[in-house]
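Participant: Line by line, the protein sequences are chains L and S.
Counting in this note's numbering, the first sequence runs from 2 upward without gaps.
Counting in this note's numbering, the second sequence runs from 14 upward without gaps.
Any given hint might turn out to be false.
Quick list of simulated restraints, FRET-style, between CB atoms [to be verified]:
hint : chain 1 : residue 1 : chain 2 : residue 2 : range
1    : L       : Val59     : S       : Phe40     : 39 to 49 Å
2    : S       : Gly23     : L       : Leu55     : 29 to 39 Å
3    : S       : Thr41     : L       : Leu55     : 38 to 48 Å
4    : L       : Arg25     : S       : Ala53     : 17 to 27 Å
Far from chain L, some chain S residues (derived; all Cβ distances over 12 Å) [claimed, not checked]:
hint : residue
5    : Pro27
6    : Gly39
7    : Tyr108
8    : Gly112
Rather than coming from a laboratory, the hints here were simulated on the basis of the structure.
Quantities reported herein were computed from a predicted structural model and do not represent experimental measurements.
Where a beta carbon is used, it is the ideal one built from N, C-alpha and C, also for glycine.
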Amino acid sequence: DIQMTQSPSTLSASVGDRVTITCRASQSISSWLAWYQQKPGKAPKLLIYKASSLESGVPSRFSGSGSGTEFTLTISSLQPDDFATYYCQQYNSYPRTFGQGTKVEVK
Amino acid sequence: EVQLLESGGGLVQPGGSLRLSCAASGFTFTSYSMCWVRQAPGKGLEWVSGISGNGGTIYYADSVKARFTISRDSSKNTLYLQMNSLRAEDTAVYYCAKGTTVTTGSAFDMWGQGTMVTVSS
């Protein structure tokens, strides 16, 4: 199975900060990577697919980059609505696997 | 509007069975793969099973293989997860999610609200 490792596990930030979350795959997944945002008690929401493609309706302050084994999700200017947990997920091979999550909290 | 509505969760004893349903609307059901993802209380997301648009390709996580069965009924626009031999570690919120292609190789662009399954005596 492909292991997905996110860092950091928790990130403390302020509104307006630039935030970067890293996701590493245990083997190459090309660009078959998605990023999701989840708020407490809610379903995950797709932000980025194919490593860098922005899902329709997602604000442009979110961006993704990377290929192979190393990926990043960047929020260019953190907004109050962005405090949440973020997950990466590979869909290169089965079983599909998620990172353990990165919680973005108020500093 | 695309909607996914799960049902069928509840409290079940270890070794018992439960069938989850996910009613889909707002899109051509057979044109998209579907999957189930679960989340144990306070934990992260775990992919459980996926099925292609025509139901011909199915995958399972090792943790549920031979115990869970995914299926879909195009006449009812409904996805199912039959769960047998349930264990305490199957306790989780179960989400159904829609893929972005007919095959199973895609991200998941729409999710249901989730249904809670609790396995306990």
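Participant: For every hint, state whether the structure bears it out.
Facilitator: Hints and how they fare:
no. : hint                           : result
1   : L:Val59 to S:Phe40: 39 to 49 Å : violated (19 Å)
2   : S:Gly23 to L:Leu55: 29 to 39 Å : holds (38 Å)
3   : S:Thr41 to L:Leu55: 38 to 48 Å : violated (24 Å)
4   : L:Arg25 to S:Ala53: 17 to 27 Å : holds (23 Å)
5   : Pro27                          : holds (24 Å)
6   : Gly39                          : holds (15 Å)
7   : Tyr108                         : violated (6 Å)
8   : Gly112                         : violated (9 Å)
Violated hints, in rising order: 1, 3, 7, 8; the structure is consistent with all others.
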